[in-house]
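Asks: Use these hints to put chain A onto chain B, whose structure you have.
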Amino acid sequence: MSISRRKFLGWIGAAGVGSTLGKSAFAGGGKHFEGHPDSFGVLHDTTLCVGCRSCEAACAKENALPVPDKPFTDLSVLQEKRRTSPTAYTVVNKFDIPGRKTPVFVKKQCNHCLEPACASVCFVRAFEKTAQGPVIYDESVCVGCRYCMVACPFEIPTYEYDKALEPRVMKCTMCHPRVMRGEVPACVEACPKEALIFGKREDLINIARDRIRKYPERYVDHIYGENEMGGTSWLYLSAVPFHEIGMREDLGVTPAPELTSGALSAVPVVVGLWPVFLMGLFAISKRKEAVSREEMEARVQSVSALAEAKLAAAMETAQKEKTAAVAKEVQKALESAAQSRTKEEI
Amino acid sequence: MSDNAAMGAKTWLTPFNVVTGAIIIIGLVLSVLRFTMGLGAVTNLTDDNAWGLWIGFDLLVGVALAAGGYVTSAAVYLLGMKKFHSAVRPAVLTGFLGYALVVFALSYDVGRPWRLPYPFIMQQGTTSLLFEVAGCVALYLTVLFLEFVPAAMEWLGLKKLRKLIVRLTLALTVLGVVLSTLHQSSLGAIFLIAPSKLHPLWYSSYLPVFFFISSIAAGLSMVIFESSLSHRYFADKMDEAHLRENEGVTLGFGKAASMVLAGYFIIKVMGVAGGDHWGLLGTPYGLWFLVELLGFVALPSLLYAVGVRNKDLTLIRWTAGWTVLGIVVNRLNISLVAFNWQLPSSQRYFPHWMEIATSVFIVTVGIVVFRFIVTRMPIFYEHPEYKDIH
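Same order as they appear, the protein sequences are chains B and A.
Residues in the first sequence are numbered from 0 upward in steps of one, following numbering that gives the first Met the number 0.
Residues in the second sequence are numbered from 0 upward in steps of one, following numbering that gives the first Met the number 0.
Only chain B is shown next, with the shape it has when bound in the complex:
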């Protein structure tokens, strides 16, 4: 790589300023986030990789990862497919492609998404997409829920399952401290074949396009990472379809945060409207109760009024009958008195 330290530090500054001036990353809406301006990336040209594992060794040394049982010069580990682990931020895998004389080697590490799934799902914001490009992790706030590992479409973050007290999520940082110092990532520096190039992401895309244009027989016409999951800072070129070298081609171009933004936007709606709806239901049930109580009372009243009227009528009849009976008795008595008087007179 022929980048002067001065030029490089200039870029770092530009990226920092650019990020403050640039558009912010909205998950929804009509805006399309194309990454922080002037941010860095790495172009991995798999056609140049010879599988020497120098990058792995440099990575382990740079990040003070434990020395593995088999030395990095032992290429027999390439016989099996490996993934990143808490002790290996990057691994090189070998793919034997039918019909090709030489195998294809692919380096695997964090792709440093432009809009990372891990950062979007972290409930303590332990992950940060820096303006310079690297996605970095802050272990001082991590709770260890491992949602980042569930969310990552590239299956990169790993976990220290054997630690009881302070397990960490472990993943490639794109050598963020080195980048901030004006150095290229350790793996890039160590690569003897320039299968890894560090630079501004926009420049890397142009370089990749140039190569595809100049050597169409050498490459498939696709830059992996240009648009996958909304784009990644790490970009890949390949001679064979990417799914043949263990890279998923069905991830789509939707940035991860957009996958959950719809569900998240429902939250304020529920908070705002659900109480109104529920209190409405409550009011309806209350009103139903009140109405049925009123109706019941009205019915009781009308029934009792009817009963009273009937009673009054009955009383009246009884009264009349009583008066009539009394009058009749008086009449009888008078008549009998009159009769007896007549008898006496006779």
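One should not assume that every hint holds.
What the hints assert, rightly or not - Here are the in silico distance ranges between beta carbons for each label pair: (1) A:162 with B:272: 57 to 63 Å; (2) B:176 with A:204: 36 to 42 Å; (3) B:317 with A:162: 52 to 58 Å; (4) B:289 with A:258: 26 to 32 Å; (5) A:23 with B:165: 27 to 33 Å.
It is worth saying that the hints were derived from the structure and are not from the lab.
Heads up, the beta-carbon is just placed ideally off N, CA and C, and yes, glycines get one too.
Replies: For chain A alone, coordinates are given in the frame of chain B:
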């Protein structure tokens, strides 16, 4: 455990105490292992399978089955279905213990449990659905606690405080429904982030709706299921009102569950139609999906309906148990069976026996605490001094 002694029972060696005691001792040993040796010592979790049984069962199933609290209190206090009143306390207690156990279980699963408050006090990751779930669960646990404490206060004779909290009933009920709607659905939405890992038959943009609607069916079924078990073991604690109303609760909740499951069935079918995944139904995963959809959604909906029509309480109770099992199947399918389905079988997850034993231990703790409470506090009966003041 200690309650038998407190009641002056002759012996501690009842079958219940022996079994629960053994489970709890094993659980305590596993807890020591977990917190001294790390997750790796007791689980089969890997970098590919970051979530296992403790998330799939303890969190997802636990929260769904604790939905009885919000469903019952909404029916009684918001919809005015007073004839179900005697079901509120057992349902709220089950819900409260359910959520308390979820948090307890999470402290085993997360790497640094003492940092669980960090999302609130350190940095807020508001773009995470897990942040929303954490916030809602924390608040809802508080709500359920407040809904439950009147029973404890009646037991302890704290009349004034009890009166104050009982006044909040309506507000707590509304808050409970809002929070439950949010986190029940968000537990499904958590998986929206991973379309490349969850099998397309289970992955759907309707996931949050699926989780919310099925939680209602879970809550209704859990109330019936719990009450049929309680009737077997705690009938002596129940007052006349509870016994009298129980048949109505079983019939009413069975009817509601039948309809909710029917709606759930329809939207699940729409989920398949929306993704145009009909072709996948013929694959092995598709057949398993059909087992879930027909066997654990359509079938219980039908059985509930038949049970309600024939007033067949036994059928309704068995159906409730079947529906609860169906919720377990659904949540485990989404979090474990259909998750990472594309990985080769050598990289798939199956829980370690110690994970299963720990989950059994946590459920057992719940049962012991439930038993402790219902044998002391007015849950299945109204306290004689507080009758008719609801």
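Asks: Now, for every hint given, state plainly whether the structure supports it.
Replies: Each hint tested on the structure:
For residue 162 of chain A and residue 272 of chain B, the hinted distance range of 57 to 63 Å is not satisfied, since their beta carbons lie about 32 Å from each other. Roughly 40 Å separates the CB atoms of residue 176 of chain B and residue 204 of chain A, a value that falls within the hinted 36 to 42 Å. Residue 317 of chain B and residue 162 of chain A have their C-beta atoms about 54 Å apart, which keeps the hinted 52 to 58 Å range intact. Under the hint 26 to 32 Å, the C-beta atoms of residue 289 of chain B and residue 258 of chain A, about 27 Å apart, fit the expected range.
The given range of 27 to 33 Å is respected by residue 23 of chain A and residue 165 of chain B, whose C-beta atoms sit roughly 29 Å from each other.
In terms of the numbered hints stated before, the structure departs from hint 1 and from no other.
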